[in-house]
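Colleague: Protein chains in written order, with my numbering: chain A, 1 to 407; chain B, 1001 to 1407.
None of these hints come from the bench; they were simulated from the model.
Among the hints, a few may not be true.
[To be verified] Subject to a maximum C-alpha distance of 16 Å in a straight line, what follows is the list of computed EDC-like cross-link-like pairs (lysine to aspartate or glutamate):
(1) B:K1050 / B:E1301
(2) A:K375 / A:D147
(3) A:K375 / A:D349
(4) A:K389 / A:D315
(5) A:K389 / A:E308
(6) B:K1050 / A:D62
(7) B:K1007 / A:D239
(8) A:K7 / B:E1270
(9) A:K50 / B:D1062
(10) A:K50 / A:D239
(11) A:K68 / B:D1062
(12) B:K1092 / B:D1300
(13) B:K1305 / B:D1220
(14) B:K1068 / A:D62
(15) B:K1007 / A:D147
(16) B:K1375 / B:D1349
(17) B:K1092 / B:D1222
(18) A:K305 / A:D43
(19) A:K92 / A:D222
(20) A:K7 / B:E1267
(21) B:K1007 / A:E270
(22) A:K7 / B:D1205
(23) A:K389 / A:D43
(24) B:K1007 / A:E267
(25) B:K1305 / B:D1043
(26) A:K7 / B:D1239
Protein chains: 2
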Amino acid sequence: MDNTGWKPHFSSRMRGMQASEIRELLKVIEQPGVISFAGGIPDPALFPRKAIAQAYSQILADPNRAAKALQYSVSEGDPALRAWIVGHMAGKGVACRPENILITSGSQQALEFLGKLFISPQDTALVAAPTYLGALQAFAPNEPAYDSLGFATTNRTADSYHEAATRAGGAVSFAYVVPDFANPTGETLTRAERLDLLELARDLDIPIVEDSPYSALRFDGDPMPTIQALDLASCGTIDASRVIHCGSFSKVFTPGLRVGWVCASSEIIEHLTLIKQASDLNSPAINQQVMLHLAQTLFDEQIAKTCERYRIKRDLMLAALERHMPEGTTWSRPEGGMFIWLTLPEGQDTVALLQKSIAQAGVAFVPGNAFFADKTGHNTMRLSFSLPKPEEIERGIAALASVLSGG
Amino acid sequence: MDNTGWKPHFSSRMRGMQASEIRELLKVIEQPGVISFAGGIPDPALFPRKAIAQAYSQILADPNRAAKALQYSVSEGDPALRAWIVGHMAGKGVACRPENILITSGSQQALEFLGKLFISPQDTALVAAPTYLGALQAFAPNEPAYDSLGFATTNRTADSYHEAATRAGGAVSFAYVVPDFANPTGETLTRAERLDLLELARDLDIPIVEDSPYSALRFDGDPMPTIQALDLASCGTIDASRVIHCGSFSKVFTPGLRVGWVCASSEIIEHLTLIKQASDLNSPAINQQVMLHLAQTLFDEQIAKTCERYRIKRDLMLAALERHMPEGTTWSRPEGGMFIWLTLPEGQDTVALLQKSIAQAGVAFVPGNAFFADKTGHNTMRLSFSLPKPEEIERGIAALASVLSGG
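Could you put together the complete structure from these sequences and hints?
Modeller: Right, here's the structure in full:
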């Protein structure tokens, strides 16, 4: 290679792909002494380590099971796991069959596949502002434009979205939402907002991508129907639904086995399966079988345990925020999940504050602008309460508040 | 959804994506009684099941190791596994550092990433004819044109490739080859052919993707230097190399853990890491750690065992072909790997013959046209000797020969 390096050789779609600030952060903050409210990382004390060890051991002790678990397998995913998910989705009001389920390597892979399937060059994706950073990264190779889903705060109509997409040179490809305990805000869409979104999607004739990794982690308040279940209540069958539901075991059991799923019309699943085949042939069969064992034996118990622990941490963080934060700072009060969203007075810049916070207070968070497609939101930040130890939460929030107060 | 279904909503790039005939075949031929020479599937009797069980068990027995093995991890891959691969590549004449290694979910994922990184719309990829079907699928979402690498059979020049790519509307993005015991032909590029390819790549100023999953499976003949090692001998350092080497543990240990790697200049690895992050965050850390344990304790022994078993099967298949095949049929004589390539007299159609072969002889193979970007090669087929039992090989080839003879 000559001195110019490889850049001129890279494809046009690489222009939109940048390093994740969160992932880069994860490297920096792994210093002893730093209290991290940054990554959306499950508490490893909750991983059902012994049950996982037992499941691997049982599968590998049987030569016939091992021969299948260690072999190439079908791109759709393990049939028994897909059957379990069919039952799980039925419990969420979504009647479906195994043909409606694809196993993916976490929800992240599902988002990447959906971008590939639906976003043509110049198309517009509708996303919340702020939205999940990983979704923006997953869609980026398809070079979409973005438009903001309003929810109660704007009076955007289907026509206005359509016209904006046309001006951007394409069509609206889909609406993407994290309806429950959203990453990054911790907020949950109301039933009315879900129905409004469905109506908008019908008017625009677009699919809705319902990214639902946190929905099982509800600590209080009433369970909310999935958008897919609300759609099925009117359209009748999963194959007629415009909602694509992405589920994950990462936040319930462990993210380390990389097992998630998509539930959608069989036509969409067929095409996602082609994409899966071309992308990595199949997710590790042995990991899927281990996850099935956990789901069959521990699901409700594990959710209860996780909610109990995270509820304590959320309450500690909310109490500490109340106690320490300077006037003019506001925050979300999530009923579940992993995240609290903090808004500082206008004019503050949380990117600059992060440097200061790490240096002076030994506390890390994610600057909020990372979660905006247009990189606004400079006065916001995401705090995660799932990973830090209870005793670190009070101490970390107090130290952070002192930095925010200019102390 | 209305009656037209989702098709009008799918992105333009889905036009090029079709179901893999091989993967669809795998479903059909899993009937008892069918002898399959179709899939390129390792013999599960060779999977080091007990060592794998022991590795999972050891990792999960230690709470600290388990907490990391079951957590999200860095997109680049497990640092210790990358360090092992650095040593492994040094043994192949490629001096590199961990920054030159990315862990992928099998080689298939590496190919998908490389397509994304290098192929802009209308670009041309240079591939052998025939070539690995999975590579064509991996590149398909980027809608490339294809041009054929000649190797000894044509007199194509850099200029002629460049001109053809310009006519197709873009540039040549890269040359893709499986240099050792190729899928599907079983053939190995000579040293002279490797040097010619490097010269062509230099003239065109393009990278070479060296897909090398079978290279460890050499039964006889002299080891051949990797194209990357040949390039380093003249360009000096990995960061100056235009060769991107894709390695895999799938054919040596097990494909079920989905662990492969890319070795390339650090600039390319950085960009592939961004793609990895957006695609699935990271490959399962626990599987990478298990693979490291196997690599550290069993690598040479496992290769010796695998080569011994596959050599016997190859010899049985070559002997059976010699004994039974009708006049006018020719085949490759691979020095390793998993595949033999059969060429029937002009005018024969192996797609039609496959139906007949399964129905009349209970024998499956892959019709050769699946491996040609232009879907020619109707009189060819791929036979794999890795999976069938030794006693099935003689019987299956005899039965297949009888079908080919019109018997």
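Colleague: For each hint, tell me whether it holds in the structure or not.
Modeller: Consistency of the hints with the structure:
In summary, the hint linking K1050 of chain B to E1301 of chain B is supported, as the alpha carbons are separated by about 14 Å, within the 16 Å threshold. For a cut-off of 16 Å, the pair hint linking K375 of chain A to D147 of chain A stands: about 13 Å separates their Cα positions. At roughly 12 Å between alpha-carbon atoms, K375 of chain A and D349 of chain A fall within 16 Å of each other, so this suggested pair holds. Taking the CA atoms of K389 of chain A and D315 of chain A, the gap is near 13 Å; set against the 16 Å cutoff, the hint holds.
The straight-line distance between the Cα atoms of K389 of chain A and E308 of chain A is roughly 14 Å, inside the 16 Å bound, and the hint therefore holds. Pair hint K1050 of chain B plus D62 of chain A holds up; C-alpha atoms about 10 Å apart against a cutoff of 16 Å. Proximity of K1007 of chain B to D239 of chain A is assessed by CA-CA distance (about 13 Å); at most 16 Å being required, the pair is judged to hold. In summary, the hint linking K7 of chain A to E1270 of chain B is supported, as the alpha carbons are separated by about 12 Å, within the 16 Å threshold.
Of the supplied pair hints, the one linking K50 of chain A and D1062 of chain B holds, its CA atoms being roughly 10 Å apart against a limit of 16 Å. The straight-line distance between the Cα atoms of K50 of chain A and D239 of chain A is roughly 39 Å, outside the 16 Å bound, and the hint therefore fails. Between K68 of chain A and D1062 of chain B the CA atoms are separated by roughly 27 Å; this puts the pair beyond 16 Å, and the hint is violated. The hinted pair formed by K1092 of chain B and D1300 of chain B meets the criterion: a straight-line CA distance of about 14 Å does not exceed 16 Å.
A hinted pair counts as satisfied when its Cα atoms are at most 16 Å apart, and K1305 of chain B with D1220 of chain B qualifies at roughly 14 Å. With a CA separation close to 27 Å, the supplied pair K1068 of chain B and D62 of chain A exceeds the 16 Å bound. Distance hint between K1007 of chain B and D147 of chain A is unfulfilled; the C-alpha atoms sit about 23 Å from each other, more than 16 Å. This hinted pair checks out: K1375 of chain B and D1349 of chain B have alpha carbons roughly 12 Å apart, not beyond 16 Å.
For the hint linking K1092 of chain B to D1222 of chain B, the alpha-carbon distance of about 14 Å falls within 16 Å, and the restraint holds. Simply put, K305 of chain A and D43 of chain A have alpha-carbon atoms about 11 Å apart, close enough for the 16 Å limit, and the pair holds. At roughly 14 Å between alpha-carbon atoms, K92 of chain A and D222 of chain A fall within 16 Å of each other, so this suggested pair holds. Our distance criterion of 16 Å between C-alpha atoms is met by K7 of chain A and E1267 of chain B, whose separation comes to about 9 Å.
Between the alpha carbons of K1007 of chain B and E270 of chain A the distance comes to roughly 12 Å, so the proposed pair stays at or under 16 Å and holds. At roughly 13 Å between alpha-carbon atoms, K7 of chain A and D1205 of chain B fall within 16 Å of each other, so this suggested pair holds. Proposed proximity of K389 of chain A and D43 of chain A is supported: the alpha carbons are some 9 Å apart, at most 16 Å. For the hint linking K1007 of chain B to E267 of chain A, the alpha-carbon distance of about 9 Å falls within 16 Å, and the restraint holds.
A C-alpha spacing of about 11 Å is found between K1305 of chain B and D1043 of chain B, which places the hinted pair at or below 16 Å, so the restraint holds. The straight-line distance between the Cα atoms of K7 of chain A and D1239 of chain B is roughly 13 Å, inside the 16 Å bound, and the hint therefore holds.
Going down the numbered hints, you'll see the structure goes against 10, 11, 14 and 15, while the others check out.
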